[in-house]
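The lines below spell out each chain.
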Amino acid sequence: MDTPNTEIDALVRREYQHGFVTDLESDTVPPGLDEDVVRLISRKKQEPAFLTEWRLRAYRHWLTMSEPRWANLHHPPIDYDEISYYSAPKSKDDGPKSLDEVDPKLLETYEKLGIPLHERAALAGVAVDAVFDSVSVATTFKDKLAEQGIVFCSFSEAVREHPALVEAYLGTVVPYTDNFFATLNSAVFSDGSFCYVPKGLRCPMELSTYFRINAAKTGQFERTLVVADEGSYVSYLEGCTAPARDENQLHAAVVELVALEGAEIKYSTVQNWYPGDEHGTGGIYNFVTKRGDCRGNGSKISWTQVETGSAITWKYPSCILRGDDSVGAFYSVALSNLRQQADTGTKMIHLGRNTRSTVVSKGISAGRGQNSYRGLVQIGKGAENARNYTQCDSLLMGDRCGAHTFPYMEVKNPSAKVEHEATTSKISDDQLFYCRQRGIGEEDAVSMIVNGFCKEVFRELPMEFAVEAQKLLEVSLEGAVG
Amino acid sequence: MLEIRDLRVAVDGKDILTGLDLRVAPGEVHAIMGPNGSGKSTLAHVLAGRDGYEVTGGEILFEGRPLLDLAPEERACAGLFLAFQYPVEIPGVNNTYFLKAAVNAIRKHRGEPELDAMDFLALVREKLAVLHMDESLLKRGVNVGFSGGEKKRNEIFQLAIMEPRLAILDETDSGLDIDALKDVAKGVNALRSPERAIILVTHYQRLLDHIVPDRVHVLSGGRIATSGGQDLALELESRGYEWVREAAAGA
Chain A
-12 MDTPNTEIDA LVRREYQHGF VTDLESDTVP PGLDEDVVRL ISRKKQEPAF LTEWRLRAYR
48 HWLTMSEPRW ANLHHPPIDY DEISYYSAPK SKDDGPKSLD EVDPKLLETY EKLGIPLHER
108 AALAGVAVDA VFDSVSVATT FKDKLAEQGI VFCSFSEAVR EHPALVEAYL GTVVPYTDNF
168 FATLNSAVFS DGSFCYVPKG LRCPMELSTY FRINAAKTGQ FERTLVVADE GSYVSYLEGC
228 TAPARDENQL HAAVVELVAL EGAEIKYSTV QNWYPGDEHG TGGIYNFVTK RGDCRGNGSK
288 ISWTQVETGS AITWKYPSCI LRGDDSVGAF YSVALSNLRQ QADTGTKMIH LGRNTRSTVV
348 SKGISAGRGQ NSYRGLVQIG KGAENARNYT QCDSLLMGDR CGAHTFPYME VKNPSAKVEH
408 EATTSKISDD QLFYCRQRGI GEEDAVSMIV NGFCKEVFRE LPMEFAVEAQ KLLEVSLEGA
468 VG
Chain B
18 MLEIRDLRVA VDGKDILTGL DLRVAPGEVH AIMGPNGSGK STLAHVLAGR DGYEVTGGEI
78 LFEGRPLLDL APEERACAGL FLAFQYPVEI PGVNNTYFLK AAVNAIRKHR GEPELDAMDF
138 LALVREKLAV LHMDESLLKR GVNVGFSGGE KKRNEIFQLA IMEPRLAILD ETDSGLDIDA
198 LKDVAKGVNA LRSPERAIIL VTHYQRLLDH IVPDRVHVLS GGRIATSGGQ DLALELESRG
258 YEWVREAAAG A
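Going down the list, the sequences are from chains A and B. Per my numbering, the very first residue in the first sequence carries number -12; after that it's consecutive. Per my numbering, the very first residue in the second sequence carries number 18; after that it's consecutive.
Since the hints were derived computationally from the structure, they do not count as laboratory data. One should not assume that every hint holds.
Dumping the calculated SDA-like pairs for lysine to any residue here, alpha-carbon to alpha-carbon at most 25 Å [stated by the list, open to error]:
(1) 156/B with 431/A
(2) 168/B with 108/B
(3) 334/A with 449/A
(4) 168/B with 462/A
(5) 125/B with 164/B
(6) 442/A with 78/B
(7) 442/A with 72/B
(8) 144/B with 133/B
(9) 442/A with 284/A
(10) 156/B with 78/B
(11) 31/B with 73/B
(12) 168/B with 130/B
(13) 442/A with 73/B
(14) 31/B with 18/B
(15) 458/A with 195/B
(16) 156/B with 449/A
(17) 413/A with 29/B
(18) 334/A with 284/A
(19) 413/A with 144/B
(20) 168/B with 334/A
(21) 186/A with 31/A
(22) 125/B with 462/A
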């Protein structure tokens, strides 16, 4: 007789598909961090003085900080001296200037990942910026976007070509003193993407960034900055993969979004970093700070994330609803399988009047995964008529995994309306049997039930990403019941 | 079509079925009646292959093949359908999508081409009319927020779409008002055919006023205590189950 236990015991024998390593010559600094390394990174990137100084201030501040311990996460201490803080694929020239100059091996890697830059750019109408280890290697559709005044390029390039924009916005949402990992990132960030959409413009295509960690023993510290000027709109997608390695790799990224008056930013992430194996060996430690600032009245920022990878996820994409009538949203699917641990959620900080926020979080735990939702809803004194709706659902598969919910609410204005709903359910044997009695095999049934559970989040994703996300969940759960 | 020989089933070490024999030929409608706890639902679940039932003896042949070795989905693909007493809710999974996946899983198994959306929709429209089912139910999650009657109609709707060889209706009449009962009966009667067999598991005889069975069996003490025609159901209605139990004990 198949008990649910033995079914789940057969859990996930599927290998991580993106776990290949690309053999590239790379330019990597020796492990360890001091002011010289920070200066070296800045020099390598030919940065202006303001940025070098900013990095150094961050580094000095970082030395006074310690790792946060409040999350529901357990891992051996990270040795920050073991990490190399800069790694770039070595190329003959100073760097690729166009796609044709990009190392064919790199392009091959992206093909394997299912992101043929040429094709994806041309067919899907998605502009892609690809970040390999620490360096942005190719940005497609750049020229076409530039014609309309949209800046979409690697962060390094933005620093070189639009220093005023970078200086005006960098660190204004996530200051370099923000938290241990964001501060570390501020000191050593190597590259990332930058986007600026000018006043009144609707960005005509989805902008997309792909992050890939390739080199061993390196940390990846990208920084993304998206600025939507008054009345503009942009939809931004981010995807991530890494090779399967036995040691843990640190990923500490920062994403800052700024929406000025009447602007809207949709930021979607499909995160599929290597999760480690079923014994908990290897995998990415993902400590990421993402925050959006609805700076102008009537602005809107939404975060949609599908998180299936990483050994550890520590991530709270947040919205500061500063402008009156501004709107924040957070839609999340987080899957913890194998021995993955996720402590993720959001912060909605209501400062302006008539601000609204929606939080829909779907946590799926399988194997020995541990999934925690941690969310803060804060209504400031001046946030007249603020409204928040939070829905937090957990789905458990098997009995060795866990789901936890930590909602925090701070309300300082009596006119606020804050709602929180939470459910925990199991994929029941009844549901599985019902599907199977109708001829649907067990794995298909599981995937159908899980996709149904995540539907409210998937429908927030751009079409092609939604398909990708569904497939990713299917793959991540393959063999989860059998 | 279906042959059950000396079936013995235990649940948590307790004997529920203690030597049940039953033969159902194509084209026949059989009613399995009996008091609560007599093993009616156990029989339905064992036929469909649900976990948690230990078959301790006997065998079941479905169209000449041993049934007990097959997984639930294989039984479904072989043409066995169970209309559930308590249909399960599956949030977020569209009712139509679910049914199409089910139909196509079975077609695929049989080596038939999968139905496309247009063909499927045509099939759905045709069957909806028979059951007086509200079309809005198609767009909702599987059984999510359905009333008891809607859930049962939905089961019969699935039955009508899937056109199995053997349909087992587990207490489909329970909790139905008279209008719903008539619609359900109409749906089931429309499916009667010389190739198809139907087993009605029911506590009450009122369903049998609308779906007239060829044979009526009364379960008692884990086996079939007595069998007859529709008259037997009427007799049970007036005399209750006690006399069957006594007769079985006396025999």
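- Which of the stated hints cannot be reconciled with the structure, identified by number in ascending sequence? 4, 5, 6, 7, 9, 10, 12, 13, 14, 15, 19, 20, 21
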